[in-house]
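Residue numbering for the sequence shown follows the working numbering, starting at 5 and increasing by one per position.
Keep in mind that the hints were calculated from the coordinates and are not lab data.
Treat each hint with caution, since some may be false.
[To be verified] Lysine-lysine pairs mimicking PhoX-like chemistry, simulated, CA-CA at most 20 Å apart:
| hint | residue 1 | residue 2 |
| --- | --- | --- |
| 1 | K187 | K198 |
| 2 | K187 | K225 |
| 3 | K198 | K111 |
| 4 | K142 | K252 |
| 5 | K294 | K7 |
| 6 | K142 | K198 |
Keep in mind that this is a model prediction, so the values were computed, not measured.
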Amino acid sequence: MYKIQTLDRISAKGLDNFPRDDYEIASEIMKPDAILVRSHDMLTMEIDSTVKAIARAGAGVNNIPVKDLAQKGVVVFNTPGANANAVKELVILSLLLASRPVIAANKWTDTLSGKGAEIAGLAEKGKKNFIGQEVKGKTLGVIGLGAIGAMVANTAIELGMNVIGYDPYLSVDAAWSLKSEVKHAETLDTLFAKADYITVHVPETPDTKGLINAASLKNMKDGVRIINIARGGLVNNEDVLAALETGKVACMVTDFAADELLNNDKIICMPHLGASTPEAEDNCAVMAVKELRDFLETGAIKNSVNYPKCKLDEPVPVNGTRLCISHKNVPNMIAQFTSVLGEAKLNISGMVDQNRNDLAYALIDVDGRIHDEALNALRAIEGVINVRPIKNYED
5 MYKIQTLDRI SAKGLDNFPR DDYEIASEIM KPDAILVRSH DMLTMEIDST VKAIARAGAG
65 VNNIPVKDLA QKGVVVFNTP GANANAVKEL VILSLLLASR PVIAANKWTD TLSGKGAEIA
125 GLAEKGKKNF IGQEVKGKTL GVIGLGAIGA MVANTAIELG MNVIGYDPYL SVDAAWSLKS
185 EVKHAETLDT LFAKADYITV HVPETPDTKG LINAASLKNM KDGVRIINIA RGGLVNNEDV
245 LAALETGKVA CMVTDFAADE LLNNDKIICM PHLGASTPEA EDNCAVMAVK ELRDFLETGA
305 IKNSVNYPKC KLDEPVPVNG TRLCISHKNV PNMIAQFTSV LGEAKLNISG MVDQNRNDLA
365 YALIDVDGRI HDEALNALRA IEGVINVRPI KNYED
């Protein structure tokens with residue numbers, strides 16, 4: 005019986021994918037095998053040594069101590085792309101809100117309350133104060149062409165926009181998903197110089213923090229419109245406020261409210277609505293549950309932020325054992341594993357080992373039972389972080 009702890013409200017549509025005969029799920033649970041989380045702050049949380057994996061029902065993992073957990077052999081998953089459509093739709097809405105001052109127009113129209121038959125005439129006179137522009141024919145610069153950025157780029161093409169994308173780490177899958185009309189910028193400065201609108205879709209890292217700042221703003225067109233539905237730290241708010249005063253920036257739409265950004269008629273702030281749809285929550289939960297089940301039941305890793313992708317296509321051998329070994333990415337590890345198993349007279353029927361930076365992960369299938377002596381010998385190898393056996397026999 006696997007024990008799963010939930011740290012936030014997780015969609016029932018996702019939790020229903022746990023077979024109740026094999027899984028116990030609760031927010032208050034002792035010694036869990038895995039944790040499901042959304043936004044709960046785990047950075048200072050004491051995480052039980054029984055925890056083998058953590059799945060974040062969402063993309064960002066800033067609330068999880070990823071590096072520390074990696075050194076303990078705890079695999080951290082996220083759900084890239086599961087909430088992409090929800091975020092894409094909010095970005096497109098933001099693009100339109102940055103172009104047509106409908107929020108300000110709505111607030112002004114509300115002031116006509118009680119004027120009865122005069123409203124139609126007053127509205128006609130007042131509309132000249134809320135003239136916007138069309139997005140068709142304008143150029144959108146998309147920084148980051150992952151699942152969300154690619155969807156935004158493709159939708160903008162359908163709206164009749166010119167689209168320039170920048171992503172030095174563009175994956176093959178992402179490249180295939182892009183419409184052919186999306187142009188590739190060799191540098192950020194090229195994108196800045198050509199874009200009428202700029203939207204950012206990258207994680208916040210030391211390299212991307214403050215990506216939109218005084219220096220980058222100087223390279224942008226006068227009257228540029230900036231959209232940030234990705235991470236608050238990607239934009240230097242003080243620099244953008246200064247650019248709004250000079251007219252360098254015409255408008256900013258952000259999903260990350262801050263005191264200095266409020267009550268400014270050139271800024272539209274939202275309370276982190278990016279993936280706040282029931283569909284996105286369902287999709288993220290379903291993917292997170294699948295990741296945990298695959299890992300706990302077969303050892304497979306997909307969409308981990310701290311360990312490599314790794315999978316054996318064959319099922320756990322009948323009357324055998326699958327060894328899940330997290331280890332340092334150093335020479336001679338596989339030779340040592342096979343030596344221990346050979347001495348234990350265990351036949352290896354399948355094996356794969358993948359690495360990611362300084363960490364690696366191996367899946368090894370052996371026929372028959374594996375005893376504690378062999379497990380302890382594997383754990384004693386220098387560089388081994390964790391050894392987890394998945395047994396397909398009764399003890």
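Against which earlier hints does the structure fall short, listed by number upward?
-> 3
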